[in-house]
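Residue numbers (the numbering used here), protein chains in the order written: chain A, 299 to 780; chain B, 299 to 780; chain C, 299 to 780.
There could be a bad hint or two in this list.
Same chains, same label: a pair holds when it works inside one copy or across any pair of copies.
Unchecked claim - Taking lysine to aspartate or glutamate and the EDC-like style, the derived pairs with C-alpha atoms no more than 20 Å apart in a straight line are:
| no. | residue 1 | residue 2 |
| --- | --- | --- |
| 1 | Lys628 | Asp329 |
| 2 | Lys628 | Glu393 |
| 3 | Lys628 | Glu479 |
| 4 | Lys628 | Glu648 |
| 5 | Lys628 | Glu461 |
| 6 | Lys628 | Asp652 |
| 7 | Lys628 | Glu594 |
| 8 | Lys628 | Asp307 |
| 9 | Lys628 | Asp583 |
| 10 | Lys628 | Asp391 |
| 11 | Lys628 | Asp365 |
| 12 | Lys628 | Asp615 |
| 13 | Lys628 | Asp486 |
| 14 | Lys628 | Glu425 |
| 15 | Lys628 | Glu447 |
| 16 | Lys628 | Glu466 |
| 17 | Lys628 | Asp500 |
| 18 | Lys628 | Asp563 |
| 19 | Lys628 | Asp443 |
| 20 | Lys628 | Glu601 |
In short, the hints are calculated from the structure, not lab data. Predicted model, so just to flag it, every value in this text is computed and none were measured.
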Amino acid sequence: MSTTDAALDLHPDRYFDSDPAIRRAARDIHDASSCLPLICPHGHVDPWLLASDAPFPEPTALLITPDHYVFRMLASQGVSMESMGVPTVDGTDVERDPRRIWQLFAEHFHLFLGTPTGAWLHHTLHELFGVRTPLAGSSAQRIYDQIAECLASPEFLPRALFERFRIEVLATTDGAADGLEPHRRINDSDWTGRVVPTFRPDALFRVASAAWPTALAALEQRQGSSIPTFAAFLDALVARRSYFASLGATATDHAVVTPLTRRLDVRVLDRIFADARAGRASAEDQSAFEAHMLIEMARMSTEDGLVMQLHAGSLRDHHAGILARFGMDKGADIPVVTEFTRNLQALLSEFGHDPRLTLILFTLDESTYARELAPLAGHYPAVRLGPPWWFHDSIEGMRRFREQTTETAGVFNTAGFNDDTRAFCSIPARHDLARRMDANFLGGLVARHVIGMSDAMMLGGELAYGLARRTYRFDRVPVVAA
Amino acid sequence: MSTTDAALDLHPDRYFDSDPAIRRAARDIHDASSCLPLICPHGHVDPWLLASDAPFPEPTALLITPDHYVFRMLASQGVSMESMGVPTVDGTDVERDPRRIWQLFAEHFHLFLGTPTGAWLHHTLHELFGVRTPLAGSSAQRIYDQIAECLASPEFLPRALFERFRIEVLATTDGAADGLEPHRRINDSDWTGRVVPTFRPDALFRVASAAWPTALAALEQRQGSSIPTFAAFLDALVARRSYFASLGATATDHAVVTPLTRRLDVRVLDRIFADARAGRASAEDQSAFEAHMLIEMARMSTEDGLVMQLHAGSLRDHHAGILARFGMDKGADIPVVTEFTRNLQALLSEFGHDPRLTLILFTLDESTYARELAPLAGHYPAVRLGPPWWFHDSIEGMRRFREQTTETAGVFNTAGFNDDTRAFCSIPARHDLARRMDANFLGGLVARHVIGMSDAMMLGGELAYGLARRTYRFDRVPVVAA
Amino acid sequence: MSTTDAALDLHPDRYFDSDPAIRRAARDIHDASSCLPLICPHGHVDPWLLASDAPFPEPTALLITPDHYVFRMLASQGVSMESMGVPTVDGTDVERDPRRIWQLFAEHFHLFLGTPTGAWLHHTLHELFGVRTPLAGSSAQRIYDQIAECLASPEFLPRALFERFRIEVLATTDGAADGLEPHRRINDSDWTGRVVPTFRPDALFRVASAAWPTALAALEQRQGSSIPTFAAFLDALVARRSYFASLGATATDHAVVTPLTRRLDVRVLDRIFADARAGRASAEDQSAFEAHMLIEMARMSTEDGLVMQLHAGSLRDHHAGILARFGMDKGADIPVVTEFTRNLQALLSEFGHDPRLTLILFTLDESTYARELAPLAGHYPAVRLGPPWWFHDSIEGMRRFREQTTETAGVFNTAGFNDDTRAFCSIPARHDLARRMDANFLGGLVARHVIGMSDAMMLGGELAYGLARRTYRFDRVPVVAA
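Pulled out of the complex, with its shape left as it was, chain A reads as follows (with noise of 0.2 Å):
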């Protein structure tokens, strides 16, 4: 990235260490890895993207307004939200011309420097949109128009992108809830890409939220027919869980700011649900109906084969007023501690040895990685690692991640790479960032004569491709619609 080089260029060696030993290997060992397709197993890429197939709109609207990674940002040096276009609540007037945004955006580019955030732009303006100077104040109307231009021609179409993207599959993230109607239409089109869902039913487990109502009355729709008791809303879940599987579903996501796992007696069950529909589960009853369910979806998981994620450690919406003002997902979600060893202890200690389960895990507390992940990866045949997830999605996040796992749960514990990105066009940039920096990991063992040339080439093709294709089970036969 540069915001005041003479041109804006994207250099072959990227990323890669300076050392001349391990740059070498690392060449080597991206050159063949990059050439594999795309595996997307875990984002949050709007399904109607790829269903409608309707034109990108111009760029502030695809590259700033939406992404809290890119506005939070200047938000932080005092760039006011409103003044970057960031949609209220109450519907407030927010700045609505998308060039004196964009025009605000590029005089701040300086503040990326560093960041993947800044990496991954810089990627997409010069591959995609094949952008040549780089972005600064000075530049920011010229640059505006060739990505206007770009987006304006049939070859920027949401699926033309996709197939140009070489994406094998792409997976979204959807509420239990949810129809999947795009997910529909994608299959029933003569289009071959491959767009599956992921079953996500948070909402449903926060019985003491005031939202839980709206959750479960949504449910209650879905499957024509009332919930009145615990026993019920199980066998909704297993419907529902039936249903995205039989539209190419493979794996379940849940998030939780703790993730503690304890099986709770039916009869404590019982009463909770009972109280959530009466309006009076409180604060404990959620986090121990919660408890429970991870549980539940792990026991799911084993009849019906959906691989389970589970991302813990995100403590959402930190400042009330931004929540209340712009919503949620606006950059003001801050990790907290996370303890993995102990509160998974019940749900391994009933399927973690299960052939059937797999179960990944997420954390936004790097000092779990040794300590705590890499030993349950490295015991239990259920467990793999998700890749360095959210704030650590980066150059330096995945040199912690792989030098801090891979001594004690070795390469083939971990699920290979996702995006996790609502950002479709940040997609090549994404795995390009990643796929590089395992190449570089991989070539810092073989410089360092840790392991051989050839072990290393097998290694990072399995960190590009196979280890994500194998772990959410793609590689198995699809499950027939009913």
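Chains B and C: place on chain A using the hints.
Frame of chain A; chains B and C shown alone:
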């Protein structure tokens, strides 16, 4: 540093990575930033040093006896603090012969191999005193003579060194009730050196401490009136802050074990204050009071513009016997796990988005860098990250800080360097090391093609000078004395 | 390590950074230290091995079945422990054909790519058994034959290997009530190898455990008298420590989940001990008792001079099913967050400045290295830091340990290396890796001009030999048997 090598050498590429591509870039970046003046926005230099401008005492009293970084290391290897001349609280006799102490120090100089204290001492001996022989038992007395001779000359008077070091501004740290006599004298003198106080009211917030009545009495005496109520207490703090600002202060400083922030009801505050005056405040009262006062300090900062510094996580005086015999600050402060995400939520919910507040966070718990601090700084406009503190003010500590914060917070949410030292003569050595490590970090980004060279040069200047100057508001028009 | 490359190669520069300046320095430092004898001050080798000097069994029983580092990795990828021949508690049949197990192991050898277990196995195969073909399914049986042939020759008898490995002293780990029969035999034999016991009384402190009565009974039987009171219990421990010392022991070892230290009133101790004898001690009693006994152990160490080792933070037997089926030490021990600063305060306040005590701390929670352990070791004369333990006894683990402890604690507050292994044949491989990583760390300091080469050579010898020898007091005159 060298204890057994033939000559004391200060390599021009010291601390830089040896990889030629990184070193080359680091050297260029450092060459450009090394000529910038020093900003010293936080430290513990005795202001009387510069107010009186008296000659420094002999080498041992300058470099060893007052520096707990030095004598704690010898103590940890069984060299008694008495034999190092550390004065006792009760006046029990300790070693008084500075040459014997110096000899003991020199014979144990190998203990500092690979430590920042070793690097600073090495730099100070070589650059300030022109020593060219490695310090060891055999050379100890000769080097003592050489330093003593230097100290006797006018070029080694404190103000002369201040100018030789090219210090643009030096902030001291001063109790809230302090009269700031030395700062007044400096202001009133012909000397143009900028030496400013920093407002540190910790002692007044420790309402359960045996020393609190004395601290309050000192404040009352300074104010010239009784402080019977919590409201009067707040008024007195506002007045003192204003007085500090009138002498050039731009910042406050707050040290806590746990950075809890939480508002108390005014009746609870009145009750705690009354109990404290009666000597009846409990440890719980104190925790609650400190948590509330941090929010009050943030509020006052929004009004008077003083930058707020928070140093959290040091458990002071771990060994009761050392405290009783030698007093505070004797190398017996040990860090503890520190939590910021939840603890700071109350303060940040009120003032985190207030453009008038700057809150600089310091930690001794590096696991919070990537997990909590960088995400907080990458969201809240008020938050900046202080440089690696205390034990982490070191080569590897700085590397970890940049590697673990930059990708999420960027460079511009960090506060530049501060030397945090009471050892005036070590100031250039500390800035030299910091500037080199920052240049090396940036050089690594250049060598890996993450950023371009001209951006790296710009960032190098920011890290060496610009960020500290602006974050601590030394660039704003100084407040005129009332 | 190489699983698919043409030849099994052991590169002379293995594990060193590839940067030429670092590698050159590391090689010189390592060349000088690699000839030093091995000090093995802590480990789990069965002393009968050297007492009886019987030939090793065939390859599988030597290298695979007893090594949980090996079979846990295969288990984590779905290879059952039964098929690896791990014996069951109830004697249920498991695979007994060593060649089938070896074949399975060889076919999964790629799982160890990038792990220390892989590096140790590679070194052992190459150096000890002269294997030159990469281990894989196709080569498995040939390599099995080659190792089996070696094991049949007199040069591969345990004592011959002890001498070939140049082990100066080997400490075993032994229960407090152990009669130390093999140590007596070795002492009484003509063989001059130094094999000493280590006093490990953990089982006697777990007063709430179902196994405690048996442990106490064993102690009573060994003492030849009843132990009816806590006072008698302390007397018995003193006597046992003395017996261990009479057979050359220089150290004790203590394993706890939480390193809490806290004195109990003698009446509470009497009550707990009585309750324990009656089978009524609670989990809280045990925690309190263990916390007290750590202080008693420190006190006894000040009297009998045994060095005290503390291994904290492993939650043993995470999976109840594995414990029930296969027993302890089967790769199911998972680390937890560990706190030292507050937990050790009571012990260190009493004995941390006592020149007679050496307390070596081991952790599985690397976040404590820089935050707690290095500051404690850099203050308390009694404290030394044990080498990276268990999962962290690895290339990257050692790098992190030195980078995170040296700047605060220096080199001389660390305890040198120990291999901590029950796998006798892996001892040279483990010391080789450790010496190389220490040489590499020092080489990095030289290359960055932090220390000079002659200091680095001196420190290299200390890390490889001197520190372990002196910290564990093997340099002192051995205690003469009573």
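Results of checking the hints against the structure:
1. In this assembly of identical chains, Lys628 and Asp329 lie within 20 Å of each other by CA distance neither inside one copy nor across copies; the values are 37 Å within and 40 Å between.
2. For the identical chains of this complex, Lys628 and Glu393 are intra-copy neighbours only, at 17 Å inside a copy versus 56 Å across copies, given an alpha-carbon limit of 20 Å.
3. Taking identical chains as interchangeable, the C-alpha atoms of Lys628 and Glu479 are never at most 20 Å apart, the minima being 27 Å within one chain and 49 Å between chains.
4. Proximity of Lys628 to Glu648 under the C-alpha cut-off of 20 Å is restricted to the inter-copy arrangement: shortest distance 18 Å between copies versus 37 Å within a copy.
5. Taking the shortest Cα distances, Lys628 and Glu461 never come within 20 Å of each other, neither inside one copy (30 Å) nor across copies (48 Å).
6. Taking the shortest Cα distances, Lys628 and Asp652 sit within 20 Å of each other only across copies (18 Å), while inside one copy they are farther apart (39 Å).
7. For the identical chains of this complex, Lys628 and Glu594 are neighbours neither inside a copy (31 Å) nor across copies (28 Å), given an alpha-carbon limit of 20 Å.
8. For a Cα distance limit of 20 Å, the shortest separation of Lys628 from Asp307 qualifies neither inside one copy, at 31 Å, nor across copies, at 53 Å.
9. Taking CA atoms no more than 20 Å apart as the test, Lys628 paired with Asp583 passes in neither setting, with 28 Å inside one copy and 36 Å between copies.
10. Taking CA atoms no more than 20 Å apart as the test, Lys628 paired with Asp391 passes inside one copy only; the shortest distance there is 17 Å, against 58 Å between copies.
11. In this assembly of identical chains, Lys628 and Asp365 lie within 20 Å of each other by CA distance solely inside one copy; the values are 8 Å within and 47 Å between copies.
12. Taking the shortest alpha-carbon separations for Lys628 and Asp615, only the intra-copy value of 8 Å comes in at or below 20 Å, while the best inter-copy value is 42 Å.
13. Taking the shortest Cα distances, Lys628 and Asp486 never come within 20 Å of each other, neither inside one copy (35 Å) nor across copies (51 Å).
14. Proximity of Lys628 to Glu425 under the C-alpha cut-off of 20 Å is found in neither arrangement, the shortest distances being 27 Å within a copy and 50 Å between copies.
15. With identical chains, the CA atoms of Lys628 and Glu447 are never at most 20 Å apart, being 29 Å at best within one copy and 62 Å at best between copies.
16. For the identical chains of this complex, Lys628 and Glu466 are neighbours neither inside a copy (30 Å) nor across copies (40 Å), given an alpha-carbon limit of 20 Å.
17. Taking the shortest alpha-carbon separations for Lys628 and Asp500, only the intra-copy value of 19 Å comes in at or below 20 Å, while the best inter-copy value is 35 Å.
18. Taking the shortest Cα distances, Lys628 and Asp563 never come within 20 Å of each other, neither inside one copy (38 Å) nor across copies (31 Å).
19. Taking the closest pair of Cα atoms, Lys628 and Asp443 never come within 20 Å of each other, the shortest separation being 27 Å inside a single copy and 63 Å across copies.
20. Proximity of Lys628 to Glu601 under the C-alpha cut-off of 20 Å is found in neither arrangement, the shortest distances being 37 Å within a copy and 28 Å between copies.
Against the hints set out earlier in the document, violations occur for numbers 1, 3, 5, 7, 8, 9, 13, 14, 15, 16, 18, 19 and 20.
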